[in-house]
Amino acid sequence: MTALISIQQLEFAWPGQASLLNIDALTLAPGERLFIKGPSGSGKSTLLGLLAGIHAPAPGALHILGRDLGALPSHRRDRFRADHLGYIFQQFNLLPYLSVVDNVTAALTFSRHKRKRLSDTPEREAARLLTALQLSEALWPLPVHKLSIGQQQRVAAARALIGRPELVIADEPTSALDTDNRAAFMQLLFAECEHAGSGLVFVSHDPGLEPLFSRVVSLSQLNGAKHAEPGL
Numbered sequence: 000m001t002a003l004i005s006i007q008q009l010e011f012a013w014p015g016q017a018s019l020l021n022i023d024a025l026t027l028a029p030g031e032r033l034f035i036k037g038p039s040g041s042g043k044s045t046l047l048g049l050l051a052g053i054h055a056p057a058p059g060a061l062h063i064l065g066r067d068l069g070a071l072p073s074h075r076r077d078r079f080r081a082d083h084l085g086y087i088f089q090q091f092n093l094l095p096y097l098s099v100v101d102n103v104t105a106a107l108t109f110s111r112h113k114r115k116r117l118s119d120t121p122e123r124e125a126a127r128l129l130t131a132l133q134l135s136e137a138l139w140p141l142p143v144h145k146l147s148i149g150q151q152q153r154v155a156a157a158r159a160l161i162g163r164p165e166l167v168i169a170d171e172p173t174s175a176l177d178t179d180n181r182a183a184f185m186q187l188l189f190a191e192c193e194h195a196g197s198g199l200v201f202v203s204h205d206p207g208l209e210p211l212f213s214r215v216v217s218l219s220q221l222n223g224a225k226h227a228e229p230g231l
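Just so it is clear: in the sequence shown, position 108 is 107 by numbering that gives the first Met the number 0, and no numbers are missing.
Incorrect hints may have been included.
As the list claims (entries may be wrong) - Simulated DEER-style distance windows between Cβ atoms:
#, residue 1, residue 2, range
1, P58, N92, 23 to 33 Å
2, P210, L141, 29 to 39 Å
3, A105, Q186, 21 to 31 Å
4, S217, P140, 38 to 48 Å
5, A17, D179, 40 to 50 Å
6, S147, Q7, 39 to 49 Å
7, E10, S147, 33 to 43 Å
8, A137, A17, 47 to 57 Å
9, R114, F189, 17 to 27 Å
Claimed, not checked - Simulated pairs of lysine to aspartate or glutamate, DMTMM-like, Cα-Cα distance not exceeding 20 Å:
#, residue 1, residue 2
10, K115, E193
11, K115, D101
12, K115, D82
13, K115, D77
What the hints contain is simulated information worked out from the structure, not anything from laboratory work.
Glycine included, each C-beta is placed from N, C-alpha and C at the ideal position.
Turn these sequences into a full structure, and let the hints steer you where they fit.
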């Protein structure tokens, strides 16, 4: 079976700075749930950016679904991300003046692949995800800038999950949620990943979530780089 993620001798440094990441090897099987932990500045978000094709490794080999992301130009990495990945960004990256539902369905705009994987209309699928995340239907027509931070975080999660992506990447996705909403979020995340057969890479500072995952990795142990850039 082809690994969902395969990393070999991956290195990354920001221009003019010391190496931030130097990872000999890391693999993720299809459907596997991986929890990555590490202190601020250890390069967790940068690693997620590499997995999503936002950054390109140099040097090193990074394969997602058998595709060598480092060999693709940036526009083809963007297309690959739109078709195959769901990304819950730490800063959400929502479109502030679009409605809640339009933000969720926006993930399908540039991906025929994800639209084909829907079992219902985009609007009904968005409604199903938002309901499962306990976001009140009264909020759905509102522009997302009128929502609280915790509510926006749930919209970002629904957007990442729509279209059953093969890989879900989550960067501190529960940081703004209270206990009840965090539990609902984790339940939906795992259920959607299991239903779609999606792999999950999840970064968090919350050690209470670690027992939920089949595998936990400390980036500080995985990473052979001698220096890290604060805040990344």
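To see whether the hints hold, each was checked on the structure:
{"no.": "1", "hint": "P58 - N92: 23 to 33 Å", "in the structure": "29 Å, holds"}
{"no.": "2", "hint": "P210 - L141: 29 to 39 Å", "in the structure": "36 Å, holds"}
{"no.": "3", "hint": "A105 - Q186: 21 to 31 Å", "in the structure": "24 Å, holds"}
{"no.": "4", "hint": "S217 - P140: 38 to 48 Å", "in the structure": "43 Å, holds"}
{"no.": "5", "hint": "A17 - D179: 40 to 50 Å", "in the structure": "43 Å, holds"}
{"no.": "6", "hint": "S147 - Q7: 39 to 49 Å", "in the structure": "42 Å, holds"}
{"no.": "7", "hint": "E10 - S147: 33 to 43 Å", "in the structure": "40 Å, holds"}
{"no.": "8", "hint": "A137 - A17: 47 to 57 Å", "in the structure": "50 Å, holds"}
{"no.": "9", "hint": "R114 - F189: 17 to 27 Å", "in the structure": "24 Å, holds"}
{"no.": "10", "hint": "K115 - E193", "in the structure": "18 Å, holds"}
{"no.": "11", "hint": "K115 - D101", "in the structure": "18 Å, holds"}
{"no.": "12", "hint": "K115 - D82", "in the structure": "10 Å, holds"}
{"no.": "13", "hint": "K115 - D77", "in the structure": "19 Å, holds"}
When the structure is compared with the earlier hints, no violation turns up for any of them.
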